[in-house]
Amino acid sequence: DTEVTQTPKHLVMGMTNKKSLKCEQHMGHRAMYWYKQKAKKPPELMFVYSYEKLSINESVPSRFSPECPNSSLLNLHLHALQPEDSALYLCASSQGDRNYGYTFGSGTRLTVV
Amino acid sequence: SQKIEQNSEALNIQEGKTATLTCNYTNYSPAYLQWYRQDPGRGPVFLLLIRENEKEKRKERLKVTFDTTLKQSLFHITASQPADSATYLCALDYRTGANNLFFGTGTRLTVIP
Chain R
235 DTEVTQTPKH LVMGMTNKKS LKCEQHMGHR AMYWYKQKAK KPPELMFVYS YEKLSINESV
295 PSRFSPECPN SSLLNLHLHA LQPEDSALYL CASSQGDRNY GYTFGSGTRL TVV
Chain S
-7 SQKIEQNSEA LNIQEGKTAT LTCNYTNYSP AYLQWYRQDP GRGPVFLLLI RENEKEKRKE
53 RLKVTFDTTL KQSLFHITAS QPADSATYLC ALDYRTGANN LFFGTGTRLT VIP
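One line per chain: the protein sequences are R and S, in this order. Counting from 235, one number per residue, gives the positions in the first sequence under the numbering used here. Counting from -7, one number per residue, gives the positions in the second sequence under the numbering used here.
One thing to keep in mind: the hints can contain errors.
Partial chain R-side listing against chain S, Cβ under 8 Å, derived [as the list claims (entries may be wrong)]:
no.: 1; residue: Met249
no.: 2; residue: Pro277
no.: 3; residue: Leu324
no.: 4; residue: Arg332
no.: 5; residue: Gly339
The following label-pair restraints were derived from C-beta to C-beta distances [claimed, not checked]:
no.: 6; chain 1: S; residue 1: Lys51; chain 2: R; residue 2: Arg264; range: 51 to 57 Å
no.: 7; chain 1: S; residue 1: Glu1; chain 2: R; residue 2: Lys243; range: 37 to 43 Å
no.: 8; chain 1: S; residue 1: Tyr20; chain 2: R; residue 2: Asp235; range: 33 to 39 Å
no.: 9; chain 1: S; residue 1: His68; chain 2: R; residue 2: Leu307; range: 35 to 41 Å
no.: 10; chain 1: R; residue 1: His244; chain 2: S; residue 2: Glu7; range: 42 to 48 Å
no.: 11; chain 1: R; residue 1: Ser289; chain 2: S; residue 2: Ile104; range: 41 to 47 Å
By construction, these hints were calculated from the structure, which means they are not laboratory data. Just so you know, even glycine gets a beta-carbon here, dropped at the ideal spot from N, CA and C.
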């Protein structure tokens, strides 16, 4: 298995809702990432988990809460989002060795109404 | 702060020609530089990685160069095909404690049949 799987592919949520994005990989990668991408912009890093520990939090608002239950799974819990949070949320994984690239999922297209 | 700019937002090229995309950065050089392809609504796909002590890397019709003096990387696609039409992103990896990629602004390549 050489893929990163993200669910759901599309999500519409209200500003008072709580939802979760899920990401799974079975490549044995020890680093996992959440990126946010707005239209016609490059991906922006949100969180990095290395060996299941949060190692980077790029000053993301607390309405986004990451979780890494095990080395294969990564969740992003969403609560009280704003319309400006609408974006493509990308999960990625890597071996943790800088000599290799990242493997990205197809993303979750999130719309906050 | 570090800026990563790709030469143009959009590039049109005739099928069969060589496409050349540019990635320029300011300030300090990364230890590693990566190139990704991204199709609309999908996650980036890793193409090539080049290290700071390497001048050139090749993979099939793709070639990447890295000039730390000019603070620039060039990405070439030879014998371009309509299927090469996509957005291409450069990404810089600095030798810091945790894994982190900083993405350039992207170039949308269109190969015209």
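Do the hints match the structure? See the list:
1. Met249: 24 Å, violated
2. Pro277: 5 Å, holds
3. Leu324: Nearest chain S Cβ about 5 Å off; hint holds.
4. Arg332: 5 Å, holds
5. Gly339: It holds, given that the least Cβ distance between Gly339(R) and chain S is near 5 Å, below 8 Å.
6. Lys51(S) x Arg264(R): 51 to 57 Å: 25 Å, violated
7. Glu1(S) x Lys243(R): 37 to 43 Å: The hint (37 to 43 Å, Cβ to Cβ) is violated, given that Glu1(S) and Lys243(R) are roughly 27 Å apart.
8. Tyr20(S) x Asp235(R): 33 to 39 Å: The hinted range 33 to 39 Å holds for Tyr20(S) and Asp235(R), with Cβ atoms some 37 Å apart.
9. His68(S) x Leu307(R): 35 to 41 Å: For His68(S) and Leu307(R) the Cβ distance comes to about 38 Å; the hint holds.
10. His244(R) x Glu7(S): 42 to 48 Å: Violated - the Cβ-Cβ distance for His244(R) and Glu7(S), about 34 Å, lies outside 42 to 48 Å.
11. Ser289(R) x Ile104(S): 41 to 47 Å: Cβ of Ser289(R) to Cβ of Ile104(S): about 44 Å, so the range 41 to 47 Å holds.
Going down the numbered hints, you'll see the structure goes against 1, 6, 7, 10, while the others check out.
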